[in-house]
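> Each chain, letter by letter, is given below.
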Amino acid sequence: MAVERLTLSKALNAGLRRTLETDSKVLLMGEDIGRLGGVFRVTDGLQKDFGEDRVVDTPLAESGIIGTAIGLAMRGYRPVCEIQFDGFIFPAFDQITTQLAKMHYRSRGRIDLPVVIRVPYGGGIGAVEHHSESPEVLFAHTAGLRVVTPATPADAFVMIQQAVASPDPVLFFEPKGRYWDKGDVDLGITVTAAGTADDAATGAGGLVPLDRARVARPGTDLTIAAYGATVSTALKAAQAAEADSVSVEVVDLRSISPLDTETLVRSVRRTGRCVVVHEAPVFYGTGGEIAARVTEECFFELEAPVLRVGGFHTPYPVSKLEHDYLPGLDRVLDAVERAMAY
Amino acid sequence: MSKSEDRSDVDLVQLLTPTGERLDHPEYAPLVAHLDAAALRGLYRDMVLVRRFDSEATSLQRQGELGLWAQCLGQEAAQVGSGRALAPQDFAFPSYREHGVAHTRGVDLADVLLQFRGVDHGGWDPNAHNFQLYTLVIGSHTLHATGYAMALQRDGLVGTGDAARDAAVITYFGDGATSQGDVNEALVFAAVNNAPVVLFCQNNQWAISEPTTRQTRVPIAARGDGFGIPNVRVDGNDVLASHAVTLEALERARSGGGPTLIEAYTYRMGAHTTSDDPTRYRSAAEEEHWRRLDPIDRLRAHLVAESELPDDFQAELDAEAAALGARIRATVRALGKPPTSRMFEHVYATPHTIVEAERAFFERYEASFADSDPTTAAAGTHPHATHTPASQDPAMSHAPQSAAGRSL
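Residue numbers (the working numbering), protein chains in the order written: chain V, 1 to 342; chain R, 1001 to 1408.
Among the clues, some could well be false.
Just a few of them, taken from the derived set where beta-carbon distance is under 10 Å, the chain V residues facing chain R [said to hold, decoys possible]:
| hint | residue |
| --- | --- |
| 1 | Asp49 |
| 2 | Asp53 |
| 3 | Thr58 |
| 4 | Gly64 |
| 5 | Gln95 |
| 6 | Gly124 |
| 7 | Gly126 |
| 8 | Ala127 |
| 9 | Ser232 |
| 10 | Leu235 |
| 11 | Lys236 |
| 12 | Ala240 |
| 13 | Ser257 |
Chain R is faced by these chain V residues, among others (derived, beta-carbon under 10 Å) [claimed, not checked]:
| hint | residue |
| --- | --- |
| 14 | Asp23 |
| 15 | Leu27 |
| 16 | Arg41 |
| 17 | Glu62 |
| 18 | Ile66 |
| 19 | Ala69 |
| 20 | Tyr77 |
| 21 | Gln99 |
| 22 | Met103 |
| 23 | His104 |
| 24 | Ala154 |
| 25 | Gly206 |
| 26 | Val208 |
From chain R, some residues computed to sit far from chain V (all C-beta separations above 10 Å) [claimed, not checked]:
| hint | residue |
| --- | --- |
| 27 | Leu1031 |
| 28 | Arg1154 |
| 29 | Thr1213 |
| 30 | Tyr1348 |
In case anyone wonders, no lab produced these hints; they're calculated from the structure.
Glycine is no exception: its CB is placed at the ideal position from the N, C-alpha and C atoms.
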């Protein structure tokens, strides 16, 4: 099958379609995902092709979506739930953190819950309140959940399939500000749960495993760790820094839980500097965790403290101010300069 | 009690009076007409054994062998009556007080105590008994039950007309749980999906210290009307009526007729848990009133009146109950501390690098004590030589409560 140039949204649609085709136990559940195709059209056309029992328009109740998905998974289904917007996930927070995350553990491995929760997240689209948030660390902090986020259409297509194939619950954060970004997607790649669990996890067939980072751009002077929407910002920053003769390596984390410290540490040991960029607030964020781990592992190689660029400890601001809140190119370059100045 | 909560607002199905007389009921009496004296003695035996287990567990908690216990005292009829209505292929989602249902599903009651002993978060294989693990967060599992019922629909196990094949789900919750969003969402999802699920509410009148009037101003069964869900209010201390309404509801579910809300009107004769003190919020007169409505007494009275409770049956049952109590006690007291390594097991179904790294760290940490000669340890061969690794602490080999209390 050919390589096609698709938007990230279309790549997700193609990936979901592939899982529906290859595994009859896969179900999509969510608000407005059927006839409408989802408010971002990620599930466009899928109900028409796979029917109302497999692409389910649910009542408008997030806890109910996740709670019933847990019951379906207990009988062998693989529900893929859509939470319409990041800020709407909280009614389901209890089901996700107290039930979904812990069932495998409390049953001592007798119950698998292969539930995927798709969450359009992040800002930059001029939305109203509660439509631009980045709550990923709230879930990364909960044992039992995997938390991943693709940055490119190619990764979106493969990672959604890997997430569905995973026997663990996966929070799948989709950078909604990048839904319309285009990239080449190899539609010849199919990941199924019917392969061994290891295949899906380790990425047999040359795929990057779901829980591993990838080096998005090699460099020698400084490492930027980013994920989701901030990967392309980091790549732009790397390009701009090149003009100042600073060689920036960009690591796309892809997975927030687990965190691929191995790839990151390998990079920082070479570059000696690390800047972490994410839209979520810096305070108690992914950057703090990375700073602690990188410092512990790279203490003698570091030329500068690990710096963080991200959202502030404020509620997500009004959209007219969001570009001051978000870690844009200028703030990332500012951090690169500060790190290089040590 | 407000007028709207008055039980007379909704008919209460009753087939056995508190004094043990059978009542006729045009709809429900025929559903239990097939139960002969042996079957009634079977229900009686179930309830007696469950109560014996329950009281043994309470004693074990009082003696420090369990961290906590949630008694089902007084609710045996609602639980045994409904539990015995299930077909083998049906699946039950309990809250945390459904020991009577656990018994009817063939769960070893000793396993129910693993969680309360602090050695397991579950205790049995849910799929071996079609009985899900207890859920402590109020009402969460009603959604799991509804989802499981939606799976039965997709599996083609509803409305086929094959009695050995068609299946249903039942979920248990209390009067307090009806205020939870999840229970209301379960009612919505069950209704719009016509899901084969029976929502069985044991209204035991107290959510810890709060009376049902703090949860509702209409009878709980009547809530079903707003969701378009058939509903029935039954005397939960009447094992026959509880059995009959559940049989009907399960059959409706299996045949494709959708969900039913059952309100079993009963009473929590004991405390909420062994940590609770009901004397702070309810009267001795109220408790005495309900003692006269005891679910076991009324079936015994009926069997005696019918001359269907031979002395030798009662004697054998008493001996069986005593043996159960002794076995539960011995089994529970023999349960030691699980291996520390278990803490890291089954967090994920596939290896998670952070958990694996922390497990490896902790194993190294624990192993660092292994080569310390105990005679020289105090002299400081290891920087933490005075520390006893948790997995080697002899005090933890049994009686987890006292040990946990000390080390924490």
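> Could you run down the list of hints and mark each one as holding or not?
Verification of the supplied hints:
1. This hint is violated: Asp49/V has a C-beta 17 Å from the nearest C-beta of chain R, more than the 10 Å allowed.
2. For Asp53/V, the interface hint holds, since its Cβ comes within 10 Å of a Cβ in chain R; the closest pair sits about 6 Å apart.
3. Proximity of Thr58/V to chain R holds as hinted, the smallest CB-CB distance being about 8 Å (cut-off 10 Å).
4. The criterion of a C-beta within 10 Å of any C-beta in chain R is met by Gly64/V, whose closest approach is roughly 4 Å, and the hint holds.
5. This hint holds: Gln95/V has a C-beta 6 Å from the nearest C-beta of chain R, less than the 10 Å allowed.
6. Proximity of Gly124/V to chain R is violated relative to the hint, the smallest CB-CB distance being about 30 Å (cut-off 10 Å).
7. Proximity of Gly126/V to chain R is violated relative to the hint, the smallest CB-CB distance being about 31 Å (cut-off 10 Å).
8. Nearest Cβ of chain R to the Cβ of Ala127/V: about 25 Å, over the 10 Å cut. The hint is violated.
9. The beta carbon of Ser232/V is not positioned within 10 Å of any beta carbon in chain R (closest approach about 26 Å), and the interface hint is therefore violated.
10. For Leu235/V, the interface hint is violated, since its Cβ never comes within 10 Å of a Cβ in chain R; the closest pair sits about 26 Å apart.
11. Taking 10 Å as the C-beta contact cut-off toward chain R, the hint placing Lys236/V at the interface is violated, the least distance being around 30 Å.
12. With 10 Å as the threshold, the beta carbon of Ala240/V stays out of range of chain R, its nearest partner Cβ sitting at about 33 Å, so the hint is violated.
13. At its closest, the beta carbon of Ser257/V sits 7 Å from a beta carbon of chain R; the interface hint therefore holds under the 10 Å criterion.
14. Interface hint status for Asp23/V: violated, as the beta-carbon distance to the closest one in chain R is roughly 13 Å, over 10 Å.
15. The beta carbon of Leu27/V comes within 8 Å of a beta carbon in chain R, closer than 10 Å, and the hint placing it at the interface holds.
16. Taking 10 Å as the C-beta contact cut-off toward chain R, the hint placing Arg41/V at the interface is violated, the least distance being around 24 Å.
17. For Glu62/V, the shortest C-beta to C-beta distance to chain R is roughly 9 Å, which falls under 10 Å, so the interface hint holds.
18. With 10 Å as the threshold, the beta carbon of Ile66/V comes within range of chain R, its nearest partner Cβ sitting at about 8 Å, so the hint holds.
19. Satisfaction of the interface hint for Ala69/V is found here, the shortest Cβ-Cβ separation to chain R being roughly 6 Å, below the 10 Å cut-off.
20. With a least beta-carbon distance of about 6 Å to chain R, the hint placing Tyr77/V at the interface is held under the 10 Å criterion.
21. Evaluation of the Gln99/V hint against chain R yields a held restraint, the C-beta minimum of about 5 Å falling below 10 Å.
22. The interface hint given for Met103/V holds, since its Cβ lies 8 Å from the closest Cβ of chain R, which is under the 10 Å cut-off.
23. A hinted interface residue such as His104/V counts as satisfied when its beta carbon comes closer than 10 Å to some beta carbon of chain R; here the least separation is about 6 Å, so the hint holds.
24. A least Cβ separation of about 23 Å between Ala154/V and chain R goes past the 10 Å threshold, and the interface hint is therefore violated.
25. About 19 Å separates the beta-carbon of Gly206/V from the nearest beta-carbon of chain R, more than 10 Å, and the hint is not met.
26. For Val208/V, the suggested interface contact is broken, since its CB lies about 14 Å from the closest CB of chain R, more than 10 Å.
27. The Cβ of Leu1031/R lies farther than 10 Å from every Cβ of chain V, with a closest approach of about 28 Å, so its non-interface assignment holds.
28. Look at Arg1154/R: its CB is around 6 Å from the nearest CB on chain V, not clear of 10 Å, so calling it non-interface is violated.
29. The beta carbon of Thr1213/R is kept farther than 10 Å from every beta carbon of chain V, the shortest such distance being approximately 26 Å.
30. At the 10 Å boundary, the C-beta of Tyr1348/R falls inside the reach of chain V, the nearest C-beta of that chain being 5 Å off.
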